[in-house]
Amino acid sequence: MNLNLDKIDSVEIMPGYHGKLIHAETMSIAYWNVDKNAAVPEHSHMHEQVMHVLDGDFEFTLDGETKTYHPGDIVVIAPFKKHSGKALTPCRLMDVFSPVREEYK
Numbered sequence: 001m002n003l004n005l006d007k008i009d010s011v012e013i014m015p016g017y018h019g020k021l022i023h024a025e026t027m028s029i030a031y032w033n034v035d036k037n038a039a040v041p042e043h044s045h046m047h048e049q050v051m052h053v054l055d056g057d058f059e060f061t062l063d064g065e066t067k068t069y070h071p072g073d074i075v076v077i078a079p080f081k082k083h084s085g086k087a088l089t090p091c092r093l094m095d096v097f098s099p100v101r102e103e104y105k
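Following the UniProt record's numbering, the numbering of the sequence shown begins with 1 at its first residue and continues without gaps.
None of these hints come from the bench; they were simulated from the model. Backbone N, C-alpha and C fix where the C-beta goes; we use that ideal spot for every residue, glycine too. Please note that a few of the clues may not be correct.
[Unchecked claim] Taking lysine to any residue pairs in the SDA-like style, the calculated list, with each CA pair at most 20 Å apart, reads:
(1) K82 with M94
(2) K86 with V100
(3) K20 with Y31
(4) K20 with S10
(5) K82 with Y69
(6) K86 with T61
(7) K67 with S98
(8) K81 with V96
(9) K20 with V100
[To be verified] Ranges between beta-carbon positions, derived for each pair:
(10) E42 with D6: 12 to 22 Å
(11) M94 with A39: 15 to 25 Å
(12) M14 with A78: 20 to 30 Å
(13) K67 with R92: 13 to 23 Å
(14) E102 with H52: 20 to 30 Å
(15) K67 with K36: 13 to 23 Å
(16) E42 with K7: 27 to 37 Å
(17) K7 with E65: 30 to 40 Å
(18) H23 with R92: 14 to 24 Å
(19) M27 with D73: 17 to 27 Å
(20) H45 with E65: 10 to 20 Å
(21) K7 with K67: 16 to 26 Å
(22) N4 with E65: 35 to 45 Å
Build out the structure end to end from the sequences listed, making use of the hints.
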């Protein structure tokens, strides 16, 4: 499979979270453009997740501990761990999920 990110349509998964989604056999990748102040409420899921901040400042809470992350920062989120986040500035994020996020298809 060969793809070009510029040719993938963006989908607003939740208010302020515009994602370009790629699904492989065992994982999903989401490239997010996140509006300033857009928040994702606390949740958990069965997927292991790796979040990479590409641009902006993103406040992220994992298991009750809140930190602000900046470009280059990476967070590894184990399955079923509660987490939430908020864009303090406009942000670009990349998330990798395993297994595939079927609800994002």
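Satisfaction of the hinted span 20 to 30 Å by the C-beta atoms belonging to E102 and H52
holds, 22 Å
Hinted pair, alpha-carbon criterion (20 Å max): K82, M94. Please report holds or violated.
Answer holds: K82 to M94 is near 19 Å, not above 20 Å.
Distance restraint evaluation - N4, E65, Cβ atoms, bounds 35 to 45 Å
The hint (35 to 45 Å, Cβ to Cβ) holds, given that N4 and E65 are roughly 37 Å apart.
Measuring from beta carbon to beta carbon, are K7 and E65 in 30 to 40 Å?
Holds - the Cβ-Cβ distance for K7 and E65, about 38 Å, lies within 30 to 40 Å.
Holds or violated: K86 with V100, Cα cutoff 20 Å?
Since the Cα atoms of K86 and V100 sit roughly 24 Å apart, the hinted pair is violated (cutoff 20 Å).
Has the given pair, K82 with Y69, been kept, meaning a C-alpha gap of at most 20 Å?
Holds, at about 17 Å.
Outcome of range test on Cβ distance (E42, K7; 27 to 37 Å):
holds, 34 Å
Does K81 pair with V96 here, judged by a C-alpha cut-off of 20 Å?
Given that 20 Å is the threshold and the Cα spacing comes to 15 Å, the pair holds.
Is the hinted range of 20 to 30 Å satisfied by the C-beta distance from M14 to A78?
Roughly 22 Å apart at Cβ, these two residues keep to the hinted range, so it holds.
Are H23 and R92 spaced within 14 to 24 Å by their CB atoms?
holds, 20 Å
Check whether the Cα positions of K67 and S98 lie no farther apart than 20 Å.
Roughly 24 Å between the alpha carbons, so the hint for K67 and S98 is violated.
For the pair M94 and A39, does the Cβ-Cβ distance stay inside 15 to 25 Å?
This hint holds: roughly 19 Å between Cβ atoms.
Checked against the numbered hints given earlier, the structure breaks hints 2, 7, 10 and 21 and satisfies all the rest.
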